[in-house]
Amino acid sequence: MEVRIDALTRVEGEGALDIRIREGKVEDLKLRIYEPPRFFEQILKGKPYHTIPDITARICGICPVAYQMSGVQAVEDAFSVKITEELERIRRLMYYGEWIQSHALHVFFLHLPDFYNVSSILELSKMEKSLVNAGLEIKKAGSKTLEKLGGRVSHPVSVKVGGFYKLPESLEELEEPLERAMDISFSLLEKFKGLHFPKMELKDIIFVSLEEEDYPILKGHILTSDGMRIRKEDFKEFFEEYTVEYSSAKRSKRKDGKVYATGPISRFNNCYEKLSPMAKEYAKRLNLEAPEKNPYKSILVRMVEIVHCLERSIKIVKDYRRPESSQIEYKAMEGKGYGVSEAPRGILWHSYSFDKEGKIKSADIVPPTSQNQDVMELSLLLGLEEVLSQGEERIRDESEKVIRCFDPCISCATHFLRVFIS
Amino acid sequence: MKIGVFKFSSCDGCQLAFFEMEEELFKIPSISYFLEAQSVNEYGHFDVSFVEGSVSNREDEERIRDIRQRSKVLVAIGACAVSGGIQSVGNFEELLKTRPIKDYVDVDYELAGCPISAHTLRDFLMTLLHGRTPSLPDHPVCLECKRKGKVCVTVSRGEICLGPITRAGCGAICPSYSRGCYGCYGPVSRPNLEAFLKCFPQVEEPIKLSFNAYNKVYRENLWKSE
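Those sequence lines, one after another, are chains D and B. Sequential numbering of the first sequence, starting at 1, is according to our numbering. Sequential numbering of the second sequence, starting at 1, is according to our numbering.
It is worth saying that the hints were derived from the structure and are not from the lab. Do not take every clue at face value.
To be verified - Each pair of labels, with its calculated beta carbon distance range:
(1) E93/B <-> F186/D: 33 to 41 Å
(2) T243/D <-> K72/B: 40 to 48 Å
(3) H45/B <-> E386/D: 32 to 40 Å
To be verified - Coverage of chain D stretches by chain B, computed from C-beta distances (three or more under 8 Å per stretch; other residues unrestricted):
(4) 12 to 26
(5) 105 to 116
(6) 149 to 155
(7) 174 to 185
For clarity, every value in this text was computed on a predicted model and none was experimentally measured. The beta-carbon is built from N, C-alpha and C at its ideal position, and this holds for glycine as well.
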């Protein structure tokens with residue numbers, strides 16, 4: 001039997017899935033990403049370094065700040081620019097805003113309808129109006145943070161190498177929406193606790209995240225659940241990208257062949273101890289413990305991360321005083337630089353080399369969804385075992401549910417180039 | 001009213017504007033097709049179709065023609081659909097050929113921006129729902145900037161700002177954040193390019209990187225290409 005999903009729904013971007021089943025077993029399974037590539041790394045070549053945050057933001061409309069942060073940090077690495085702690089805190093705040101916005105979008109708009117067996121948040125709102133309204137309020141707290149610091153939610157305009165073009169006088173107006181979102185998140189605990197999660201255990205994979213002074217978001221080195229610590233500049237010595245003929249997106253695996261996952265579950269498993277006190281409390285009340293190996297529960301981890309971001313954001317907003325300067329001075333120079341951060345969906349790695357005027361000689365970007373394709377296929381094999389005998393409709397339905405756990409961003413994954421233009 | 005939302009080559013940011021409409025999203029009577037928002041979709045006929053993204057290959061070309069046939073009103077949303085988007089820079093470097101949808105089909109309305117703003121989308125939709133004809137700005141960002149009382153970055157600091165040739169609608173956010181407009185809403189329909197180039201002879205590169213490089217106005221008046 002062949003089961004095909006021509007267009008995955010409630011994910012960002014366009015992908016398809018082909019499954020071949022014989023004698024009650026999955027014989028072949030292909031996650032096909034067919035969105036045409038957009039050649040970002042090529043487009044960046046020859047352009048001035050300062051265009052990086054604006055151009056790479058356009059790889060993804062859902063997580064542009066992630067691209068801007070990995071991007072500017074790579075340039076700063078190449079030019080030996082050391083950013084002040086004060087400015088770094090504001091970068092974190094902006095990034096928290098994006099996590100809150102992007103996670104709330106995924107949790108409420110894309111993922112939650114699966115747990116109620118409805119087609120969309122529009123249908124969900126007919127059954128659970130207050131739950132949906134709560135989700136909108138949480139998302140709004142993230143959107144407001146982004147608007148305040150960057151002018152707009154998608155493709156904000158304030159981020160630059162060395163800091164920001166301009167910073168607001170005061171952030172007072174963010175306090176109320178952030179605090180309200182925190183209260184609302186706690187009021188939803190029982191709802192989330194009551195969701196039904198099918199059983200699944202990702203046994204033989206490694207969880208890969210960043211590790212830094214706090215729960216990882218802005219920077220750090222790469223940490224694997226089997227104990228490796230890898231400098232950002234050595235990422236490609238341990239992980240390799242490869243292509244498959246049926247997909248227009250590159251993939252990634254560890255060089256020893258191990259399948260790995262990046263994203264909320266990996267961060268939670270590797271860095272649980274560094275979550276904020278209220279986020280830990282939230283996890284505890286959801287009976288969520290590290291390591292959590294069931295991808296269906298990623299929705300809970302996203303909620304925990306939302307609480308973490310809210311708590312950290314409230315603190316930064318309350319302590320905020322506009323820095324004397326919104327940016328620090330630097331000079332462009334020849335060299336190579338690396339930048340890595342935790343996008344809402346996982347590790348986002350950038351590397352560039354520049355000539356002495358600061359023009360880009362080469363660019364290399366590895367987004368999280370590229371890295372998660374293997375673990376998505378593996379999870380599909382596990383998740384479909386139970387339903388293989390229950391007919392095509394059910395298989396199709398469950399496949400999409402498994403894929404959504406990883407919040408794939410297909411637009412990101414196809415940023416690069418494998419040429420097949422008709 | 002049956003509504004469809006479609007994606008071509010793009011970043012998803014303009015579809016995000018539907019979600020950013022928040023409470024207003026729930027006022028749309030019937031969304032028949034919107035892959036990113038719902039798992040049950042009906043590919044039939046549409047009263048209004050919104051299209052994000054540029055057309056990059058033969059399959060996309062056929063798809064946009066088919067969507068046009070099924071739609072009473074077709075709306076291009078965002079810089080990719082209206083002007084080819086950032087990927088259209090690749091056209092100049094012969095990396096690929098990607099084009100705005102108007103190169104293939106008739107388009108009834110164009111919502112500018114990279115990305116479009118949720119406010120504009122909301123006003124546009126509500127106007128259509130009330131059976132009225134939407135009106136979209138065709139004046140430059142400078143007007144918005146003046147109305148907001150912002151200091152002109154060109155006059156005060158001599159910086160390049162694409163505001164004088166760029167369509168309004170964003171609320172002059174870049175000058176508000178102390179930088180020149182980088183043109184993400186694309187050109188007004190009749191920009192005074194000649195005068196602008198006299199002030200800023202080096203402006204071709206910024207226009208190429210304005211996320212609207214392949215807009216027809218620029219192609220005809222600047223690049224002199226098809």
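Check your understanding: Which numbered conditions among the earlier hints are violated in the structure presented, ordered from lowest to highest?
Key -> Per hint list: 1 and 7 violated.
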